[in-house]
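Now for the letters of each chain:
Number of protein chains: 2
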Amino acid sequence: MEYDAVIVGAGLFGLSTAYHIKELRPEDKVLLLERLSGPGQGNTAKSAAMFRSFFYSRTNLALADSSIEFYKHVQEDLGFDLRIKWIGYLWLLSSGEYRSLKPVLSEMSRRGLEYRIYDREYLEKTLGLRAEVSADEEARLMGLVDVDYGLLVPKAGCIDVDALVKFYENEARKRGVEIKYGVEVLDLLIEPKEPLGLPGEPFIWQEARVAGVKTSAGVFRAKKTILAAGAWMPLLLDKVGIECHIKSKKRQIFSVKADKEELKKLMHVEGFNRENLLPFLILPRPKIWVKAVPEEGSFWMCYSDDFPREFKVEDEPQPEGEFYEYGIYQVVVKYLPQFKGCRPHAAWAGLYAYCTLDGQPVIFEEHDVMVVGGGSGSGVMKADAVGRIAAALYAGEEYAKLYGGEKFKVSRLGLRERKVEPEKLVI
Amino acid sequence: MEYDAVIVGAGLFGLSTAYHIKELRPEDKVLLLERLSGPGQGNTAKSAAMFRSFFYSRTNLALADSSIEFYKHVQEDLGFDLRIKWIGYLWLLSSGEYRSLKPVLSEMSRRGLEYRIYDREYLEKTLGLRAEVSADEEARLMGLVDVDYGLLVPKAGCIDVDALVKFYENEARKRGVEIKYGVEVLDLLIEPKEPLGLPGEPFIWQEARVAGVKTSAGVFRAKKTILAAGAWMPLLLDKVGIECHIKSKKRQIFSVKADKEELKKLMHVEGFNRENLLPFLILPRPKIWVKAVPEEGSFWMCYSDDFPREFKVEDEPQPEGEFYEYGIYQVVVKYLPQFKGCRPHAAWAGLYAYCTLDGQPVIFEEHDVMVVGGGSGSGVMKADAVGRIAAALYAGEEYAKLYGGEKFKVSRLGLRERKVEPEKLVI
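Protein chains in written order, with this note's numbering: chain A, 1 to 427; chain B, 1 to 427.
Next up, chain A with everything else stripped away, as it sits in the complex:
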């Protein structure tokens, strides 16, 4: 028994791919395998659940904007509540950084992307921000910079990732995708294209292909095997010598309670958005973010450290107390003294699956195995577009139609003819 497609991984990329394959090829037999006991329980569940439709790179923008528009459509037109809140992103910037971003921002403004600039005084008043950290000797020693401007992007916010996962899972099932949870893929099944039935095949004089997967529940054969296994993908692909250009780093989120009056005030700050909630706040350097989570009465904090954070794939990455205590906390409290004394009541860690080529998703096929991955920390906000492009590649189409109608050349996210516009808004 052979499937048309076996998809490995029921994170957002795998689910979206399964759904869109059935949209394009309703008759095809599609199997989705997941080693965990339900959908979206891997790194999808550990996401910050934020999105923004504000990028300079047309690649970034096309993927994020069309996905966000689709999620909006799901919520507003289809009536499936994804708990989207348009709270915006607010970057705190030094005057130096603002100056160097200005030409890029002007160009983005000409293209119709909206943003607002706030000055220091406004930020100090509304956020209780200590903008002039350089007045503090310790902060100076730490290399922290003064905040002179705030850049607010309104087409951005947060989403309930569990609900989004549920949406795709339901829709995929409705369209006939068979889903098996608790099935771990151990190896890719390698066979000659034209088997001769000899033991030891394939030999070097035969052309080989991926013919399915070997799992904890037996072998599943497929015309196309589609890997959407995020951080775990290189482990499967290294064993057959295919390079996917994905490596993983641990990302930690620390949650602190908004139990003081001044923290509640910060959470429900007025004037930045209609929700009267603190926008997703990003400090100047190091770029720590702070997210208000009113339903929990807490703030989440995170910093995506690069060098010397190791590349490592691990099943149960653990948050590190010192990372908060000597790192995040020390910086946050200099800018936002309201957080003085706050210690995390909860913390967790996941893995970002980075595409080490350019931080954009990779979607390609070799030897009948397709790779769909490399969300690089913006997987949630790009998942719908990624699923459509993967489905188009599967269906042998040159272009994918993104939500809203934009045609996207499939090979742009492939390896051989990869064409990703660099992101100039590095912020």
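Some hints here could point you the wrong way.
No distinction is drawn between identical chains; accordingly, a pair holds when it is met within one copy or between any pair of copies.
To be verified - Below, a list of computed lysine-lysine pairs in the DSSO-like style, where the Cα atoms sit at most 30 angstroms apart: (1) 174 - 287; (2) 407 - 257; (3) 46 - 239; (4) 239 - 249; (5) 264 - 401; (6) 174 - 401; (7) 125 - 312; (8) 312 - 239; (9) 239 - 287; (10) 174 - 125; (11) 249 - 223; (12) 29 - 265; (13) 166 - 424; (14) 340 - 193; (15) 193 - 287; (16) 424 - 239; (17) 312 - 193; (18) 174 - 409; (19) 424 - 193; (20) 224 - 287; (21) 257 - 401; (22) 29 - 166.
Bear in mind the hints are in silico, worked out from the structure with no lab data behind them.
Dock chain B against chain A, hints included.
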């Protein structure tokens, strides 16, 4: 005590880099570390020891040609015997492959690169070749193709890699490079750029750098740490989250004795080169090569299999009997029946360190660590140029001067502004 440069790995890349750094910066204190007990004993020693100055890509050609000219200079002008033999490369081609290569070859000919074409009859007569394998049903089932042409490249041959290693080691020592064998690098030493002397440094608000290496013989501090550790490089770099785009595959060489009369005749075939030796012979598909090693009275055979050969770093890769028996042997004997019944009397395996971006070397610096690697199977023939480019990067120069005078922009082999001309002669 701090060195200006600590170089990790005394393979050809590390030796050449050490030598050329001292040429550019004679006063700098340079330390070369090697975990094995002597130079060139890792994968350098397992090389096929072949070179060719025949590439379409100007990147490939500049690196290989200038290195080969330097080796020739070492042998002919400096009198250091590298046992270079200009035996040439001889590709056996089907008419289909020849036709598709013709435009590329014509262009190369216009650029002054020399080659000769032989027809089937000549090859049959001189080599005892069975050109029309399609007459054999088994060969047809194996997908083997008939040979219609031979492409001979005269500016190509073999070299004594041990002698080349010895040359660089001597010259590096003479110029004052300190060399320590039997010292294993365990980790990169990470420190803040501006240490505050706090336990747990560097913190996320500090800029970090590689400040040297931790080894089995203690810590060695360096202004620049230079990794030339081939296949082992990613193990060190993954631990600090730097991507070097290098992955490794096992490569096996099998040696069979030329003990039959017809094999001796093949080894000493006349008319292809002045040595009256079999040129380095490459079969059409799979592209197995056969090398005459007259000093051993044997032929070496190898096939660089791609998919599904795993990416793996291992200390003692082992040759696989079946790889010869059911793979290489089956193909070779169809084209060259002289080898009938030949079994290997010796075999060994090494690792090719592939650059998964484009198969060209990578030479870049980040956070005070330099990466020099990714020979991708042509490391020996490019080692001199690679050493010069690495030394130029170390010295902060924009261009390296290759042997013969060509200026080569250092950033062309880096990551950010990488500019490698694709190789159209895929053969």
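Hint-by-hint comparison with the structure:
In the homo-oligomer, the alpha carbons of residue 174 and residue 287 never lie at most 30 angstroms apart, since the shortest distance is 42 angstroms inside one protomer and 49 angstroms across protomers. Neither within a single protomer nor between protomers do residue 407 and residue 257 lie at most 30 angstroms apart by alpha-carbon distance, with minima of 45 angstroms and 61 angstroms respectively. Taking the shortest alpha-carbon separations for residue 46 and residue 239, both the intra-copy value of 27 angstroms and the inter-copy value of 23 angstroms come in at or below 30 angstroms. Taking CA atoms no more than 30 angstroms apart as the test, residue 239 paired with residue 249 passes in both settings, with 21 angstroms inside one copy and 10 angstroms between copies.
Proximity of residue 264 and residue 401 under a CA criterion of 30 angstroms is satisfied in neither setting, with 44 angstroms inside one chain copy and 64 angstroms between copies. When the C-alpha separation of residue 174 and residue 401 is checked against a cutoff of 30 angstroms, the pair qualifies only within one copy, where the shortest distance is 22 angstroms, while the shortest distance between copies is 65 angstroms. Taking the shortest alpha-carbon separations for residue 125 and residue 312, neither the intra-copy value of 42 angstroms nor the inter-copy value of 57 angstroms comes in at or below 30 angstroms. When the C-alpha separation of residue 312 and residue 239 is checked against a cutoff of 30 angstroms, the pair qualifies both within a copy, at 17 angstroms, and between copies, at 8 angstroms.
In this homomeric assembly, residue 239 and residue 287 come within 30 angstroms of each other (Cα to Cα) only across copies, at 22 angstroms, whereas the closest approach inside a single copy is 36 angstroms. Neither within a single protomer nor between protomers do residue 174 and residue 125 lie at most 30 angstroms apart by alpha-carbon distance, with minima of 51 angstroms and 68 angstroms respectively. For the homomeric pair residue 249 and residue 223, the shortest alpha-carbon distance between copies (27 angstroms) is at most 30 angstroms, but the shortest distance inside one copy (32 angstroms) is not. Proximity of residue 29 to residue 265 under the C-alpha cut-off of 30 angstroms is found in neither arrangement, the shortest distances being 53 angstroms within a copy and 59 angstroms between copies.
With identical chains, the CA atoms of residue 166 and residue 424 are never at most 30 angstroms apart, being 34 angstroms at best within one copy and 48 angstroms at best between copies. Only between protomers do residue 340 and residue 193 lie at most 30 angstroms apart by alpha-carbon distance; the minimum there is 28 angstroms, versus 64 angstroms within a single protomer. In this homomeric assembly, residue 193 and residue 287 come within 30 angstroms of each other (Cα to Cα) only across copies, at 19 angstroms, whereas the closest approach inside a single copy is 50 angstroms. Proximity of residue 424 to residue 239 under the C-alpha cut-off of 30 angstroms is restricted to the inter-copy arrangement: shortest distance 29 angstroms between copies versus 36 angstroms within a copy.
With identical chains, the CA atoms of residue 312 and residue 193 are at most 30 angstroms apart between copies only, with a shortest distance of 25 angstroms across copies and 34 angstroms within one. Taking the shortest alpha-carbon separations for residue 174 and residue 409, only the intra-copy value of 28 angstroms comes in at or below 30 angstroms, while the best inter-copy value is 57 angstroms. When the C-alpha separation of residue 424 and residue 193 is checked against a cutoff of 30 angstroms, the pair qualifies only between copies, where the shortest distance is 27 angstroms, while the shortest distance within a copy is 44 angstroms. With identical chains, the CA atoms of residue 224 and residue 287 are at most 30 angstroms apart between copies only, with a shortest distance of 28 angstroms across copies and 41 angstroms within one.
For the homomeric pair residue 257 and residue 401, neither the shortest alpha-carbon distance inside one copy (43 angstroms) nor that between copies (61 angstroms) is at most 30 angstroms. Taking identical chains as interchangeable, the C-alpha atoms of residue 29 and residue 166 lie at most 30 angstroms apart only when both belong to the same chain, with a minimum of 21 angstroms there against 62 angstroms between chains.
Checked against the numbered hints listed earlier, the structure breaks hints 1, 2, 5, 7, 10, 12, 13, 21; every other hint is satisfied.
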